[in-house]
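*Asks:* Protein chains in written order, with the working numbering: chain A, 1 to 480; chain B, 1 to 480.
What the hints contain is simulated information worked out from the structure, not anything from laboratory work. These numbers come from a predicted model, not from an experiment. One should not assume that every hint holds.
If several chains are the same, the list does not tell them apart, and a pair holds so long as it fits within one copy or across any two.
Straight line, CA to CA, 25 Å or less: simulated BS3-like cross-link-like pairs of lysine-lysine [what the hints assert, rightly or not]:
{"no.": "1", "residue 1": "Lys102", "residue 2": "Lys147"}
{"no.": "2", "residue 1": "Lys57", "residue 2": "Lys319"}
{"no.": "3", "residue 1": "Lys389", "residue 2": "Lys408"}
Number of protein chains: 2
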Amino acid sequence: MSSKKRLISKESDFGTWYDDLLSSAALADNRYNVKGFIVIRPDLFFIINSVYGMFEKELVDSGHDQVLFPTVIPMSNLRREAEHVKGFEDQVFIVESAGGEKLEEPLALRPTSETAVYPMLSLWIRSHRDLPMRLFQSVTVFRHETKATRPLLRAREFSWIETHDAFATDKEAKDQVQEDARISSKIFDELGIPFLPLQREPDDRFPGAEETFAYDTLLPDGHALQIATTHLLGHRFSKPFDVGFLDEKGNRLHPYTTCFGPGISRIAASIIATHGDDYGMVLPFNVSRRQIVIVPIPKKGEEEVSIREKCQALERQLKANGYRVFTDSSEDRPGGKFYKWEQLGSPLRIEIGHREVEQNAVTIFRRDLRERETVGDQDISKRISELSKEIQKTTREKAWSWFKSKLKDVSVRADILKIAKKGYIIRMQYCGQEECGNDIKKDSGLEVRGKRIDIEEEPSGKCAWCGAPSVRIVYAAKSY
Amino acid sequence: MSSKKRLISKESDFGTWYDDLLSSAALADNRYNVKGFIVIRPDLFFIINSVYGMFEKELVDSGHDQVLFPTVIPMSNLRREAEHVKGFEDQVFIVESAGGEKLEEPLALRPTSETAVYPMLSLWIRSHRDLPMRLFQSVTVFRHETKATRPLLRAREFSWIETHDAFATDKEAKDQVQEDARISSKIFDELGIPFLPLQREPDDRFPGAEETFAYDTLLPDGHALQIATTHLLGHRFSKPFDVGFLDEKGNRLHPYTTCFGPGISRIAASIIATHGDDYGMVLPFNVSRRQIVIVPIPKKGEEEVSIREKCQALERQLKANGYRVFTDSSEDRPGGKFYKWEQLGSPLRIEIGHREVEQNAVTIFRRDLRERETVGDQDISKRISELSKEIQKTTREKAWSWFKSKLKDVSVRADILKIAKKGYIIRMQYCGQEECGNDIKKDSGLEVRGKRIDIEEEPSGKCAWCGAPSVRIVYAAKSY
Chain A
1 MSSKKRLISK
11 ESDFGTWYDD
21 LLSSAALADN
31 RYNVKGFIVI
41 RPDLFFIINS
51 VYGMFEKELV
61 DSGHDQVLFP
71 TVIPMSNLRR
81 EAEHVKGFED
91 QVFIVESAGG
101 EKLEEPLALR
111 PTSETAVYPM
121 LSLWIRSHRD
131 LPMRLFQSVT
141 VFRHETKATR
151 PLLRAREFSW
161 IETHDAFATD
171 KEAKDQVQED
181 ARISSKIFDE
191 LGIPFLPLQR
201 EPDDRFPGAE
211 ETFAYDTLLP
221 DGHALQIATT
231 HLLGHRFSKP
241 FDVGFLDEKG
251 NRLHPYTTCF
261 GPGISRIAAS
271 IIATHGDDYG
281 MVLPFNVSRR
291 QIVIVPIPKK
301 GEEEVSIREK
311 CQALERQLKA
321 NGYRVFTDSS
331 EDRPGGKFYK
341 WEQLGSPLRI
351 EIGHREVEQN
361 AVTIFRRDLR
371 ERETVGDQDI
381 SKRISELSKE
391 IQKTTREKAW
401 SWFKSKLKDV
411 SVRADILKIA
421 KKGYIIRMQY
431 CGQEECGNDI
441 KKDSGLEVRG
451 KRIDIEEEPS
461 GKCAWCGAPS
471 VRIVYAAKSY
Chain B
1 MSSKKRLISK
11 ESDFGTWYDD
21 LLSSAALADN
31 RYNVKGFIVI
41 RPDLFFIINS
51 VYGMFEKELV
61 DSGHDQVLFP
71 TVIPMSNLRR
81 EAEHVKGFED
91 QVFIVESAGG
101 EKLEEPLALR
111 PTSETAVYPM
121 LSLWIRSHRD
131 LPMRLFQSVT
141 VFRHETKATR
151 PLLRAREFSW
161 IETHDAFATD
171 KEAKDQVQED
181 ARISSKIFDE
191 LGIPFLPLQR
201 EPDDRFPGAE
211 ETFAYDTLLP
221 DGHALQIATT
231 HLLGHRFSKP
241 FDVGFLDEKG
251 NRLHPYTTCF
261 GPGISRIAAS
271 IIATHGDDYG
281 MVLPFNVSRR
291 QIVIVPIPKK
301 GEEEVSIREK
311 CQALERQLKA
321 NGYRVFTDSS
331 EDRPGGKFYK
341 WEQLGSPLRI
351 EIGHREVEQN
361 AVTIFRRDLR
371 ERETVGDQDI
381 SKRISELSKE
391 IQKTTREKAW
401 SWFKSKLKDV
411 SVRADILKIA
421 KKGYIIRMQY
431 CGQEECGNDI
441 KKDSGLEVRG
451 KRIDIEEEPS
461 GKCAWCGAPS
471 VRIVYAAKSY
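Just chain A, same shape as in the assembly (with noise of 0.2 Å):
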């Protein structure tokens, strides 16, 4: 915190810019000395709990219930569904002993929570009365990736909230599929966060999902990131688990079920890849810890007391107006605290020198644009309320207008290859056939990550990559 020089621009060298980033704004320590795991230090630790509230308020209203299952999980619970733990089975952590001593059953460190929630949706599902029974937990899981991992975007344990929900119906459950992606499209335009939403191709889903929707955003670099999933199970899951439930004629049936997953760790870094630049975090007012934070500007040596007393009454104002307030009285010189807040994303520094008690105003500096005004004491009220607004309506057009810039139709393979190297997210029409999305991968590095499942978009013609009948149109992007 104590160098003023600005970061790496974040255009040209993402990774660095990023990693540089959550080290000197202490925002992450990766020194933590298991691999892929990291610290959440506090100013990264309020974002991701903020992004957590906005999930849960929604979950609720919606008629969700949060539960706690156990962080652990019966080898065999993971086994009853073939194609989940074939998906699964080469990233578990597994604990083999406790207490000095051989463990009977080995358990693994949830990976996701089906093969738990499920034995006891069995137990608690009875009858029709009992549905829909919508349910979900905000916890930590545990994969062993492989990739080369990078703090929140690829770890070995991170933040993620996953709903279980069952149903009577098949209509119910893709019912819950649109409320997902509606609350997911809310949140993400709340934090201004541009996206995709997308159906996975049919070799691209979730281990043991009959279908798989997922919402990817694009960072700086030019890659896709997936930060939130919808799964449709059907009887995937029900069946192996045997959930049931008698219908009003003395049936029984098996639920049709769905699980959502926010990834909460990914949505936190895509809030500061997206809208960072090269002074720092840019943060919406909605996950920012100081939302406002007050510096005065004394002269040296001079006496200050009127400077503190309006800053002290200002806090006292905009504490009472409802704004996460921090006066930065502390004995660094105005520079060092103005790089510090604009480093932390801060959406509004208001300074207050002996101008400012002069003339009755303040100087507020926006960090979105970067640019300073003057307010008169009587208007500040008014013009945070202006500003907070006008920042978030500034930063989502932002991304949205840099995210829109990156799509790009194409129709032919040549094209696909030429600006394959360049990040973009490129639309076109596709045959659907699994081996020309493998081709498209190995020639181009390129994934097909699906179609839009916001709006219809007609397929007509070829195949942009091989030419054979096209069956839909297809995004596809280099993947995180």
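Following the hints, complete the assembly by docking chain B onto the known chain A.
*Replies:* Positioned in the frame of chain A, the structure of chain B alone reads:
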């Protein structure tokens, strides 16, 4: 929930009462297939989450920052403080493999996080300007208990908060212990949980601590239950982990550290155990998911629009007043609803039938005293506000009055033996000899829990057990 019979008497068989309540009110599920691990269901999760919120708010207000450390700790970290590892090595769960391969170093599931935190403190703390550093995290911890487990009371995974604080001076560390005591007292008081704040005997300290302070409540079966602890660690951890800071003169010193651990699972258990009666839970307003339940009471077969409308209007009004309100419009009969919400401990129930509509009034049932009263429509808000305070006062006073009736002064060995099985906390003159404490335990089953820290109690005369000169007045009880 279908059975209409009351629970077994809490006084006569607390264990059965407790287990039956957790199961019949769907609070926790003990059938998860790993011994000592349970599933926390929605109504219990709400209580646990509310208690977390109360402590987190106080900790943040008193200068703590929330962080999140990894769940896993390298075994080599655990071994760096000799007493500490000795205290925990018989209890740790160990991850030995991941992704099908043996790990280079086995990882412990955190039994507590000192050995994860201190290596990072040694990187974060450099100068006296970095102090005090006050951190906390809200997590679950893992201990392979060999005694019989019981949900929330003794489990192999449980919810707690752990603070890790570092100070330049011994005095500040001791002040922090006082502050931890203030926070504990305040919250236990708000929850109506009676307790004794005690300094533990030297042989009963947290592994590695210089001093241990603990908050004990009493379960209905006469077992003392530790619900929070604070430890003065001196240099016991900062030295082996080489945490140091430069003071103003440039000398490198070790900080004095403390940790504080409110046992959130056990506090939730105490709320259930302390206030509950033979009809189920009796929840304080502050942790109740449904503070007010409205039950419409239609006459069979009759038009009930007026009742429904009155219920809806009242729900809106009370929600606007800030209460958590739920109208039970299910098809169950009123008697079944009464039973259910009494078991779940909602502090107030409002019954609305034709009589109430005609009389412009409602019937309010208060759970603590199980009493009904009629309140005119225009007085409802005022009366509920009064009742919320009255209920807090009544439940707290009832709990304290029972607790005090269980404290007994004892001055001779024969009396200790006589009342040992009766579930009292005894107050006695004590010689302070570890061997004497061991004898008391062996012969009477009582454990010396320590001396009061909230008041000065001057020793005089002889140890009530062995007759040696008394050095302090202590409290002893059967321990959970």
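*Asks:* Hints first: check each against the structure and report whether it holds.
*Replies:* Hints versus structure:
Taking CA atoms no more than 25 Å apart as the test, Lys102 paired with Lys147 passes between copies only; the shortest distance there is 18 Å, against 30 Å inside one copy. In the homo-oligomer, the alpha carbons of Lys57 and Lys319 lie at most 25 Å apart both inside one protomer (23 Å) and across protomers (16 Å), since each shortest distance falls under that limit. Proximity of Lys389 to Lys408 under the C-alpha cut-off of 25 Å is found in neither arrangement, the shortest distances being 31 Å within a copy and 63 Å between copies.
Checked against the numbered hints listed earlier, the structure breaks hint 3 alone; every other hint is satisfied.
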